[in-house]
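From first to last, the protein sequence lines stand for chains R and C.
Mapping of the first sequence onto this note's numbering: position 48 corresponds to residue 48, and the numbering continues sequentially without gaps.
Mapping of the second sequence onto this note's numbering: position 76 corresponds to residue 76, and the numbering continues sequentially without gaps.
Everything labelled a hint here was simulated from the structure, so no lab data went into it.
Please note that the accuracy of each hint is not assured.
To be verified - Estimated spans, in silico, between C-beta atoms of each pair:
hint : chain 1 : residue 1 : chain 2 : residue 2 : range
1    : C       : Lys57     : R       : Trp92     : 39 to 49 Å
2    : R       : Arg43     : C       : Arg77     : 18 to 28 Å
3    : R       : Arg53     : C       : Val12     : 39 to 49 Å
4    : C       : Met41     : R       : Tyr39     : 35 to 45 Å
5    : R       : Trp92     : C       : Glu52     : 33 to 43 Å
6    : R       : Ser110    : C       : Pro83     : 14 to 24 Å
7    : R       : Ser55     : C       : Gly53     : 33 to 43 Å
8    : R       : Ile105    : C       : Thr111    : 35 to 45 Å
9    : R       : Arg43     : C       : Val113    : 18 to 28 Å
10   : R       : Thr60     : C       : Glu59     : 23 to 33 Å
What the hints assert, rightly or not - Which bits of chain C does chain R cover? Going by a derived footprint, with three or more residues having C-beta under 8 Å, they are:
hint : stretch
11   : 31–40
12   : 102–112
What the hints assert, rightly or not - Here are some of the chain R residues that sit facing chain C, going by a computed Cβ distance under 10 Å:
hint : residue
13   : Val4
14   : Lys15
15   : Val19
16   : Phe34
17   : Tyr39
18   : Ser40
19   : Gln42
20   : Ser82
21   : Tyr86
22   : Ala88
23   : Gly95
24   : Asn96
25   : Ala102
Glycine included, C-beta positions come from ideal geometry on N, C-alpha and C.
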Amino acid sequence: AQRVTQPEKLLSVFKGAPVELKCNYSYSGSPELFWYVQYSRQRLQLLLRHISRESIKGFTADLNKGETSFHLKKPFAQEEDSAMYYCALSPWEYGNKLVFGAGTILRVKS
Amino acid sequence: NAGVTQTPKFQVLKTGQSMTLQCAQDMNHNSMYWYRQDPGMGLRLIYYSASEGTTDKGEVPNGYNVSRLNKREFSLRLESAAPSQTSVYFCASSEQGRGDGYTFGSGTRLTVV
Numbered sequence: 001a002q003r004v005t006q007p008e009k010l011l012s013v014f015k016g017a018p019v020e021l022k023c024n025y026s027y028s029g030s031p032e033l034f035w036y037v038q039y040s041r042q043r044l045q046l047l048l049r050h051i052s053r054e055s056i057k058g059f060t061a062d063l064n065k066g067e068t069s070f071h072l073k074k075p076f077a078q079e080e081d082s083a084m085y086y087c088a089l090s091p092w093e094y095g096n097k098l099v100f101g102a103g104t105i106l107r108v109k110s
Numbered sequence: 001n002a003g004v005t006q007t008p009k010f011q012v013l014k015t016g017q018s019m020t021l022q023c024a025q026d027m028n029h030n031s032m033y034w035y036r037q038d039p040g041m042g043l044r045l046i047y048y049s050a051s052e053g054t055t056d057k058g059e060v061p062n063g064y065n066v067s068r069l070n071k072r073e074f075s076l077r078l079e080s081a082a083p084s085q086t087s088v089y090f091c092a093s094s095e096q097g098r099g100d101g102y103t104f105g106s107g108t109r110l111t112v113v
């Protein structure tokens, strides 16, 4: 079965420190992966998708098929990055449906 | 720039009561979804509608029904609410086609006592 694992419920870092939010997936096919973010009192929104290979708000994520991972990274955390982050997988046979991980709360301390 | 609109934002129900959560999108998207968000479990798909006139079960459909009223609207009904249905419910929409990003509503916080 398709599954997304985010091993950390909470990640707490100091402002200016590097950030890595971990995401591992279980899927035998060719995956499409996303990171969604939910800031306090705001709705869930797309942060980035692996097929775009883009950097949004300084965040990047590289798909590693060998390790079945899609970790989200930022070299220097900002306080405004504090939010809930969800990794999501779109398996081929699911059409456009997404399988979400449990989410990681990122807290950036000043 | 409404995007996806959900009503109500908050609701408290007694066990056994029924209610309908409403969702409407103005982006002409074909696909719509209902998810529930629970601590430690992420978002789980309840029902989805790939296009107008079609609906299918997701991961956790028990205790829920849906109606795709037209292309814009997708409602979620709880026929007999149970405390286990206490959750935050999100509606989302997207274009058809794998990998398209979702647009989410602001959520409905439902408490069943």
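We went through each hint and held it up to the structure:
no.: 1; hint: C:Lys57 with R:Trp92: 39 to 49 Å; verdict: 19 Å, violated
no.: 2; hint: R:Arg43 with C:Arg77: 18 to 28 Å; verdict: 22 Å, holds
no.: 3; hint: R:Arg53 with C:Val12: 39 to 49 Å; verdict: 45 Å, holds
no.: 4; hint: C:Met41 with R:Tyr39: 35 to 45 Å; verdict: 20 Å, violated
no.: 5; hint: R:Trp92 with C:Glu52: 33 to 43 Å; verdict: 24 Å, violated
no.: 6; hint: R:Ser110 with C:Pro83: 14 to 24 Å; verdict: 39 Å, violated
no.: 7; hint: R:Ser55 with C:Gly53: 33 to 43 Å; verdict: 40 Å, holds
no.: 8; hint: R:Ile105 with C:Thr111: 35 to 45 Å; verdict: 22 Å, violated
no.: 9; hint: R:Arg43 with C:Val113: 18 to 28 Å; verdict: 26 Å, holds
no.: 10; hint: R:Thr60 with C:Glu59: 23 to 33 Å; verdict: 30 Å, holds
no.: 11; hint: 31–40; verdict: holds (count 4)
no.: 12; hint: 102–112; verdict: holds (count 5)
no.: 13; hint: Val4; verdict: 8 Å, holds
no.: 14; hint: Lys15; verdict: 26 Å, violated
no.: 15; hint: Val19; verdict: 20 Å, violated
no.: 16; hint: Phe34; verdict: 7 Å, holds
no.: 17; hint: Tyr39; verdict: 12 Å, violated
no.: 18; hint: Ser40; verdict: 13 Å, violated
no.: 19; hint: Gln42; verdict: 8 Å, holds
no.: 20; hint: Ser82; verdict: 18 Å, violated
no.: 21; hint: Tyr86; verdict: 6 Å, holds
no.: 22; hint: Ala88; verdict: 8 Å, holds
no.: 23; hint: Gly95; verdict: 6 Å, holds
no.: 24; hint: Asn96; verdict: 5 Å, holds
no.: 25; hint: Ala102; verdict: 4 Å, holds
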